[in-house]
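Once you've looked at the hints, dock chains B and C against the given chain A.
Next come the chains, spelled out residue by residue.
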Amino acid sequence: MSVTKNDVEYVAELARLSFTEKEKHELIGDLNSVLGYIEKLNELDTKDTDIIVNPYYIENKFREDEVEPSMELKYVLENAPQILEEYIVVPKIIE
Amino acid sequence: MELHKLKAHELKKLINSKEVKVEEVTNAFFNRIDTTDDKIGAYLYKAKEEAILNAKRLDNKLGAEGKLEGLGGVPVAIKDNISVKGMQNTCGSKILEGYISPYDATVTERIKSSNGIILGKLNMDEFAMGSSNENSAYKKVINPWKKEYVPGGSSGASAAAVAAFESPLTLGTETGGSVRQPSSFCGVVGLKPTYGRISRYGVTAFGSTLDQVGTIGRDVEDCALLTGAIAGIDKMDFTTVNTPVQDYSKSLIKDIKGKKIGIPEEYFGEGLDDKVRKCIDEAIRVLEDNGAIVKKISLPLTEYSLAAYYIISSAEASSNLARFDGIRFGHRSKDALDAIDIYTKSRSEGFGKEVKRRIMLGTYALSSGYYDAYYKKALKVRNLIKQDFAKNFEEFDILVSPTSPSTAFKFGEKTEDVLSMYLSDVYTVPVNIAGLPAISVPCGFVNGLPVGLQFIGNYFREDVLFNMAYSYEASTDWHKKSAVIE
Amino acid sequence: MVKKMEYEVVIGLEVHTELLTKTKMNCGCITEFGGQPNTHVCPVCMGLPGSLPHLNKKVVEYGIRAGLALNCSITKLGRMDRKNFFYPDTPKNYQITQDELPLCRDGHIEIELEDGSTKKIGIERIHIEEDAGKLLHTGAGTLVDFNRAGVPLAEIVSRPDMRSPKEAVKYLEMVKSILSCTGVSDCKMEEGSLRCDANVSVMEKGSNTFGIRTEIKNMNSFKALEKAINYETDRQIKALEAGEKLSQDTRRWDDTKGITTVMRSKEFANDYRYFPEGDLVTLNIDNQWIEEIRKTIPELPREKELRFVEQFQIPRYDAYVLTITMSMADFFEKTAKASDDAKSASNWLMGDISKIMKENATWVEDLKFTPEQLGELIKLINAKTISNAIGKKVIVEMFNTGKSPEIIVKEKGLIQNSDEGEILDIVRKVLDANPKSVEDFKNGKNRVLGFIVGVIMKETRGKANPQIVNKLVNEEIKKY
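Protein chains in written order, with the numbering used here: chain A, 1 to 95; chain B, 1 to 486; chain C, 1 to 480.
One chain only, chain A, in its complex shape (with noise of 0.2 angstroms):
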């Protein structure tokens, strides 16, 4: 499996990055490297293993439905880049 420019533009849209084309050089580099070392694991015969999601295994958390206060609204506000009123604002969003 060998990382193409393709291949980094895509991921790069699917995490909100951008990067010149000298970075984008770079990462082929860096992700095939990685990706290359990462082959290992295929060393390993995984077929009739589970897989393990928590390293130690809980089940049945809950929490119960009871009303906790919520946080003021100057909190939400005061680390706000952009507000109006109570709201937050962003750039407007085209449909």
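No lab work stands behind these hints: they were computed from the structure. Predicted, not measured: the structure shown is a model, and the values here were computed from it. Hints are supplied without guarantee of correctness; some may be wrong.
[As the list claims (entries may be wrong)] Simulated coverage check for chain A against chain B, where a stretch passes if three residues somewhere in it have a Cβ under 8 angstroms from a Cβ of chain B:
| id | region |
| --- | --- |
| 1 | 17-31 |
| 2 | 40-50 |
[As the list claims (entries may be wrong)] No more than 30 angstroms apart at the CA atoms, straight line, and that leaves these computed lysine-lysine pairs for DSS-like:
| id | chain 1 | residue 1 | chain 2 | residue 2 |
| --- | --- | --- | --- | --- |
| 3 | B | LYS67 | B | LYS18 |
| 4 | A | LYS47 | B | LYS376 |
| 5 | B | LYS295 | A | LYS40 |
| 6 | C | LYS134 | B | LYS334 |
| 7 | B | LYS94 | A | LYS24 |
| 8 | A | LYS47 | B | LYS391 |
| 9 | C | LYS245 | B | LYS376 |
| 10 | A | LYS92 | C | LYS134 |
| 11 | C | LYS436 | C | LYS368 |
| 12 | A | LYS5 | C | LYS83 |
[As the list claims (entries may be wrong)] Calculated from the model, a selection of chain B residues having no Cβ within reach of chain A, i.e. all distances over 10 angstroms:
| id | residue |
| --- | --- |
| 13 | LEU3 |
| 14 | LYS18 |
| 15 | GLU50 |
| 16 | LYS139 |
| 17 | LYS147 |
| 18 | PRO244 |
| 19 | ILE253 |
| 20 | LEU306 |
| 21 | SER318 |
| 22 | ASP463 |
No residue lacks a Cβ here, since even glycine has one placed at the ideal position from N, Cα and C.
Structure of chains B and C alone, referenced to chain A:
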């Protein structure tokens, strides 16, 4: 009496016996920080005002109640990816410049309610991605033992601050060895607890199934003191566990007679520096002298751990870091044309090179067509790695190895080749994948740079770790050595 | 002559419904609609650094309850996943949902077709997930309110078993009816607590190969659903007949223009990179819990429908309409018992009362009069104390004031006059006053009878017993 040179447990004693005030101790550390941190670079934020106010409050409390339990008025400094209400939380990145956390992480709450004094926020590799603290977007951190050398990472500042006497205790975080490796490079004690032992609520996520808060101190007792104050189940973190927290003070005994130690041969292969190997071999002899039974074992999955780690951590990071978008907080690009552009511009401007690289790797590993081959495969390998360890813990109480294949390296030495930096995590990473606890203690020097000895324990057996580490420490002098800041 | 290709439409529906829990799916913020913007939020639903989700047990319970009511099997060992995409209303830029192991699978419901037969519509899966915040597009930019971010949703995906827009509407009605009956949602499409997307494709009649499908969004009523599917079916057929190739788009229904338009190309958005949510743990749902939840499910609409037919001897169609909502079914049942006349109860509710409710945009829950009072009204009519026509006036009063029919009848003096003697006098008076009509009747114009009866009813302000009036007019006019 140079207060800043004392250990945390010594300071607690002095405070409780009224020989010294909490405010005095706090001021002593800020003085040390003022004179030293320009060279070290550990602090991104010094919380002097808040700390003094709290110190005064604790002095009053001590007067009223007669004693200060828990951390007993001792200061703690916190890695800048762990939330403290009202303070910055940059995670070593420009993308979070200006963000003030409106809430405390659970560990922060516990430090506060345990009578700890928060000195400030510590430098780190950006978003905890790195092994040298060279990836900080703010400034570099130097190894207090030799200034041309890195302190390790990503909790480089957390380890350096302790080694430089800028705080007796610090919190770091681990995803792939980021507490143990810098502790090893800086000659201090660093613990990564079992996954689920300490709450992650309020800790900026990197790899959700790998991250843990780690504790750093100048000796085992200090590390145990801090760990005991913050460990335990938290309803705000569903991945924490109901298993009771042991009283770690009871583990601080020299006796380890009959304890069985496994030495995994894969951790002593070609990549290990010969001089480091000598220190480790010597350390193992000390443990044998103290009564432990030592045996060689094999962990054949070791060589696959790094590959599995990089997929799992990068994939999870690519998702965890998606929230940094310039919309609700942090850096928003001034050039954004529309709502799509705002993401790409803000993120590209705000993130550093390594972070972008890992996000790209992680996004790729999860993307359509590659998910099974990479992420799912890595989760299966995780299962095999867990089994690998489990088999050995049936017979052994503890495993012992070097923490790192070498001592600290020079600035710029590993930044050219991406893989060489990653490979330096080879002895620490398997533990994160399996979720096991591990501790690094100083065990010698090579050319003036510290060497770290790693103990790996079974799930929720931090008590055994502290016991073994304490036993080793009690028979040696390494924890008494001090770095001289040039 | 070339035989024109006959097409069949294939429809699948994806329904999202807001679950009626007090708090959000992963945090303790309230789910209440409205409220000052950005005040029902916390670090978790705002996606602040370091926040972690806390799965609400009731959300899982309601999801299971919905699944059981829709005849699904419940997944015993499951988990939550992340769906990754960037959008301003999605604070973490991923949604916590379920991908590989949804809560419920392989269900079905039965719908009634126009010819009276029933058809099974399969349900592929039901899963639980977080809702997004709200966006307000203005000239000054887009305003974001995160109050709704994190509100729990259940997503119900049908199999592509529907073959006409009417079937789709029936399916949606039935799902809405069942879900609101279980109490997991109030299913109000106009308020957005029930949302529906349609997947539409066409294929040659008799074929087994489905065509290219498009997804239609933004249908906010049952009518819109029907119109949109009709439009899209036509559009696809026309395109195919013109030799065009269809593409798998997402399209937006424009109710004002009556057309679907392609939404902004979301090709990259389709790579959602689903992977397990590591901040939450395995869901191990045992039989005991499932059975406990099953016990909380009340009698479902279809069961109720069949029971109404059996118990109250009303027609199937009536029973179907009356069980569309729980509240209506309940109202009917109580009225039937109070009046001992289920057919009348049914007629009143399906007829006049439904009309008044629609005119006044009122729900059954908000009616001012009670089922017992409606029962009284029916009894009054059956006892001939008032006529049916008067009854229609009384019900309007009952709707407006909530007063009992007896009080209204007394206050307005509406008691039916069944005094034959009195009525006879009036009959004779009217006949005397209308010699032309009598003449017309003698000449065979029977219509005149209706006119005479009308005049008498007007004279008596509707209170004369119409049957007696009719009888006496018929008898008396012959004597002239």
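Results for each hint:
1. 17-31: The restraint on the region 17-31 of chain A holds, since 6 of its residues have a Cβ under 8 angstroms from chain B and three suffice.
2. 40-50: Satisfied; 8 residues make the cut.
3. LYS67/B with LYS18/B: With Cα atoms ~9 angstroms apart, LYS67/B and LYS18/B stay inside 30 angstroms; holds.
4. LYS47/A with LYS376/B: holds, 11 angstroms
5. LYS295/B with LYS40/A: This hinted pair holds, its Cα atoms lying about 29 angstroms apart.
6. LYS134/C with LYS334/B: Roughly 24 angstroms between the alpha carbons, so the hint for LYS134/C and LYS334/B holds.
7. LYS94/B with LYS24/A: OK: LYS94/B and LYS24/A at ~22 angstroms, within 30 angstroms.
8. LYS47/A with LYS391/B: With a Cα-Cα distance of about 21 angstroms, the restraint between LYS47/A and LYS391/B holds, given a limit of 30 angstroms.
9. LYS245/C with LYS376/B: violated, 36 angstroms
10. LYS92/A with LYS134/C: At roughly 14 angstroms apart (the allowed maximum being 30 angstroms), LYS134/C and LYS92/A satisfy the hint.
11. LYS436/C with LYS368/C: Violated, at about 48 angstroms.
12. LYS5/A with LYS83/C: With a Cα-Cα distance of about 25 angstroms, the restraint between LYS5/A and LYS83/C holds, given a limit of 30 angstroms.
13. LEU3: holds, 36 angstroms
14. LYS18: Label holds. Min Cβ-Cβ 39 angstroms, cutoff 10 angstroms.
15. GLU50: At roughly 18 angstroms from the nearest Cβ of chain A, GLU50/B sits farther out than 10 angstroms, so the non-interface label holds.
16. LYS139: LYS139/B is indeed farther than 10 angstroms from all Cβ atoms of chain A, at 24 angstroms.
17. LYS147: holds, 29 angstroms
18. PRO244: holds, 15 angstroms
19. ILE253: holds, 27 angstroms
20. LEU306: With a cut-off of 10 angstroms, LEU306/B comes too close to chain A, as the shortest Cβ separation is near 8 angstroms.
21. SER318: violated, 6 angstroms
22. ASP463: holds, 17 angstroms
In this structure, the hints that do not hold are numbers 9, 11, 20, 21, in rising order.
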